[in-house]
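K.L.:
Chain by chain, the residues:
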Amino acid sequence: MVFVRTRLPLIVTFVAGFIIIAQYYFNIPAWKALSADLLRFNVVLAAFALALGIGGIVRLHSGRIRRRAPEAPYSMLCLVTLALFLVVGFAQTTRGTTYRWLWDYILLPVQATSYATTFFFITSAAYRAFRVKNSYAAVLMASAVIMMLRVGIFASAMPWMPNISAWVWDIPNTAGMRAVTIGGALSLVGNAFRVIIGLERGHLGGGE
Amino acid sequence: MLEKLNNLDTRILYLIMVCLATFPLMRPIGLPLPITEQVKLCYEAIDQLRPGDLVFIGVDFEPSSAPEAWPQLLAMGRHAASKGARIVMLSMFPGGFRYEQQFEDILKAQYDMQYGVTLLSLPYSAGLEAAYQSVAQNLKGLYTVDLHGTPLNQFPLWNEIQGAQDFTMYIQIADAPVAWLRQLTQVPGLKLINGTLASAASTMAPLWQSRQLSGLIIGMSGAAEYEVLVRLPGPAAAAMDGQSLGHAMIILCIILGNVGYYAAMRKAPKTRSAG
Amino acid sequence: MLNATVGTWVAAFLTLGLFSWMYKENAWFRIVEHVFVGASLGHLAVVGYGNIKDIAWTPAATQGKWLMWLPIIGGLLLYSRWFKQYMWLSRVPMGFLVGTTGAVVLTGSIKAMLVDQVIATMMPLNSINNVLFVVLTMAATMYFMFTLQSKWAAPIIDLGRYALMVAFGATFGFTVMSRISLFTGRMQFLLFEWLKLTPGGG
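Protein sequences, first through last, are from chains A, B and C. With the working numbering, the residue at position 21 of the first sequence is 1168, and numbering never jumps. With the working numbering, the residue at position 112 of the second sequence is 121, and numbering never jumps. With the working numbering, the residue at position 14 of the third sequence is 15, and numbering never jumps.
Isolated chain A (complex conformation) (with noise of 0.2 Å):
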């Protein structure tokens, strides 16, 4: 039992990463058939995955509905949109008509929305945390500020604004963000090996 509940995801993990990885070395059809489909049964359990947070919501919002906290009738809203966008959902699938209705006037808007109050969020942050206190600070604002002056007003105004923005950008920008691109690379890279191996187990989540 020790064996299946340690070991074997494991094994596992270590099998299916390997026969991905040596497809891309070795040019053998059986090896390349044999990938083709792990990546199939991958996209399916993703799929599957996506509807994991149900759980948690379901839990936490149905805790407060019992206990009649001072939330429980905002807990009870998400649970019938829940509920609603799931029986409409399974019944027509997203080609349904009722369905594209929910999704273009209900979670399209507040989707959007959420996003579009950055906007705000971005105004304070400049007003407020965006303080020039050294050297390195003030490279980082001219930096932006000559980004920001690219468009509109500010290239009709100064006409050489949009060639020392696109400098910029190919120049010292493209220079810093290959290092953090290459750094990036090497880290991912050791991160997915040493989850293959085995070293990194996080994945395997808790219990017994």
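Some clues are possibly wrong.
[Unchecked claim] Within a straight-line C-alpha distance of at most 20 Å, the following computed SDA-like cross-link-like pairs (lysine to any residue) qualify:
{"id": "1", "chain 1": "B", "residue 1": "Lys200", "chain 2": "B", "residue 2": "Leu63"}
{"id": "2", "chain 1": "B", "residue 1": "Lys149", "chain 2": "B", "residue 2": "Gly125"}
{"id": "3", "chain 1": "C", "residue 1": "Lys54", "chain 2": "A", "residue 2": "Gly1243"}
{"id": "4", "chain 1": "A", "residue 1": "Lys1280", "chain 2": "B", "residue 2": "Arg275"}
{"id": "5", "chain 1": "A", "residue 1": "Lys1179", "chain 2": "B", "residue 2": "Lys149"}
{"id": "6", "chain 1": "B", "residue 1": "Lys92", "chain 2": "B", "residue 2": "Tyr120"}
{"id": "7", "chain 1": "C", "residue 1": "Lys66", "chain 2": "B", "residue 2": "Gly150"}
{"id": "8", "chain 1": "C", "residue 1": "Lys112", "chain 2": "A", "residue 2": "Tyr1171"}
{"id": "9", "chain 1": "C", "residue 1": "Lys112", "chain 2": "B", "residue 2": "Thr212"}
{"id": "10", "chain 1": "B", "residue 1": "Lys149", "chain 2": "B", "residue 2": "Phe164"}
{"id": "11", "chain 1": "B", "residue 1": "Lys149", "chain 2": "C", "residue 2": "Thr59"}
{"id": "12", "chain 1": "C", "residue 1": "Lys197", "chain 2": "B", "residue 2": "Phe32"}
{"id": "13", "chain 1": "C", "residue 1": "Lys25", "chain 2": "B", "residue 2": "Val27"}
{"id": "14", "chain 1": "C", "residue 1": "Lys152", "chain 2": "C", "residue 2": "Arg162"}
{"id": "15", "chain 1": "C", "residue 1": "Lys85", "chain 2": "A", "residue 2": "Val1151"}
{"id": "16", "chain 1": "C", "residue 1": "Lys25", "chain 2": "B", "residue 2": "Leu24"}
{"id": "17", "chain 1": "B", "residue 1": "Lys149", "chain 2": "A", "residue 2": "Leu1181"}
{"id": "18", "chain 1": "C", "residue 1": "Lys54", "chain 2": "B", "residue 2": "Gly150"}
{"id": "19", "chain 1": "C", "residue 1": "Lys25", "chain 2": "B", "residue 2": "Asp18"}
{"id": "20", "chain 1": "C", "residue 1": "Lys112", "chain 2": "A", "residue 2": "Asn1338"}
{"id": "21", "chain 1": "C", "residue 1": "Lys54", "chain 2": "A", "residue 2": "Leu1199"}
{"id": "22", "chain 1": "B", "residue 1": "Lys49", "chain 2": "B", "residue 2": "Val239"}
For the record, the hints were derived by calculation from the structure and aren't laboratory data.
We have chain A; now place chains B and C onto it with these hints.
P.N.:
This is chains B and C only, laid out in the frame that chain A set:
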């Protein structure tokens, strides 16, 4: 006096920002729009498409990024359609399906594209990077039905395609800046074009410089520039006036905040350190 | 037509409810916030269901592709995570998911994000821009070598830090652009679709 700038109610700033961003929508100013090199090269790459060339369009964005991404899709997608390219749309984001449907309707109506012969829409596929790798290596194994639930083997276009290697170009309108490029760059001969959100522009800079991308459109301003180049007015160009006024206000906020901060620091009584 | 009109008013109610938080926290905002959570999760489950039906269930149940029962069983086992005493059942499918995703990311990153990036940095040093670019790239990369403690390296690492500050500043500048665009999109909806105003007129 200047230290009072440190204590402005931010709701006043919000109100000013809302007015500056909104007023030009009602009364367009018509400010000039310089065309950047990335957009010019993107335009030239799509302009070189020949009738019958197969083009992927990745509709990989959610409603949260639609104000930037939808104009990019309209501009580049319509340009590709006007060159007679055959288009296959797909999406790896849960919200992309609706934009695929809307763009499919536009292509059928405005460019007389025949669904199943010169146009195809594929459904959402979970797994993100695993799905992109499947597209690159095993396209026909991944999809069995189209966006509308019809078996794909009923369409002549799908039966003609062997895999991603048959395609000339992949136009990606992306919320996930790099995952798609990591996988699609492995397909030999496939030109990659990216319409990215402005917030991801710096992330794409090294990939642009290394010419892993044949074209790069950044945010709403990039879409507006493309609309000017293809002479198809769209939602992006109309919104650009508010953009530059908003930038001016942000720069002013930074200046006001710093002036107020340093004025307050200068006025604050100097305290002795303990011990 | 009626559905679209009713829908537009519902969408406007939800949009203004979220914006109302910028004035202060209120019940209108909390209503919309909870609708957002429920709708988002519901939509994820629905698209997942559609995906499973198309790629796995239909081939397995009606086309005799028995191999697709494996991910279906594995996917159902994932939901054992909701029950603490049965959580261990989800480890095999979760391990498979993470292993395959890790392998995909690994193989993609090595070429596109590492090798191609290093190759692109090796440019001829025949112009000031090229020299500056190569020097700044190497300096910025050296900044991430946290175990390097050397007096001669300190000025180079400092130069790299400045290059990174330029990159982060450019990111902030573009992010401002992005956020203004997102807000403009919602205003276009409120003004032109909800209130039916026309640009340049009333």
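K.L.:
Between the alpha carbons of Lys200 of chain B and Leu63 of chain B, is the straight-line distance 20 Å or under?
P.N.:
11 Å, holds
K.L.:
Keeping to a limit of 20 Å between CA atoms, is the pair of Lys112 of chain C and Asn1338 of chain A held or broken?
P.N.:
16 Å, holds
K.L.:
Need the status of pair Lys1280 of chain A, Arg275 of chain B: alpha-carbon distance at most 20 Å?
P.N.:
14 Å, holds
K.L.:
Between Lys25 of chain C and Val27 of chain B, is the straight-line Cα distance small enough, at 20 Å or below?
P.N.:
Holds: Lys25 of chain C and Val27 of chain B sit about 16 Å apart, inside 20 Å.
K.L.:
Taken at face value, is the distance from the CA of Tyr1171 of chain A to the CA of Lys112 of chain C at most 20 Å?
P.N.:
11 Å, holds
K.L.:
Can the restraint linking Lys149 of chain B and Gly125 of chain B be considered satisfied, given a maximum Cα separation of 20 Å?
P.N.:
Since the Cα atoms of Lys149 of chain B and Gly125 of chain B sit roughly 15 Å apart, the hinted pair holds (cutoff 20 Å).
K.L.:
Lys49 of chain B and Val239 of chain B were given as a pair; does the straight-line alpha-carbon distance stay at or below 20 Å?
P.N.:
11 Å, holds
K.L.:
Given the hint that Lys54 of chain C pairs with Leu1199 of chain A, test it: the Cα-Cα distance must not exceed 20 Å.
P.N.:
17 Å, holds
K.L.:
Could you grab the alpha-carbon distance between Lys66 of chain C and Gly150 of chain B and see if it respects the 20 Å cut-off?
P.N.:
13 Å, holds
K.L.:
Take the C-alpha atoms of Lys112 of chain C and Thr212 of chain B, compute the straight-line distance between them, and say whether it is at most 20 Å.
P.N.:
The hint holds at about 17 Å.
K.L.:
Does the alpha-carbon distance linking Lys25 of chain C and Leu24 of chain B stay inside the 20 Å limit?
P.N.:
The given pair, whose Cα atoms are some 14 Å apart, holds under the 20 Å limit.
K.L.:
Run the distance test for Lys149 of chain B versus Phe164 of chain B: straight-line Cα separation, threshold 20 Å.
P.N.:
13 Å, holds
Comparing the model with each numbered hint stated earlier shows that all of them hold.
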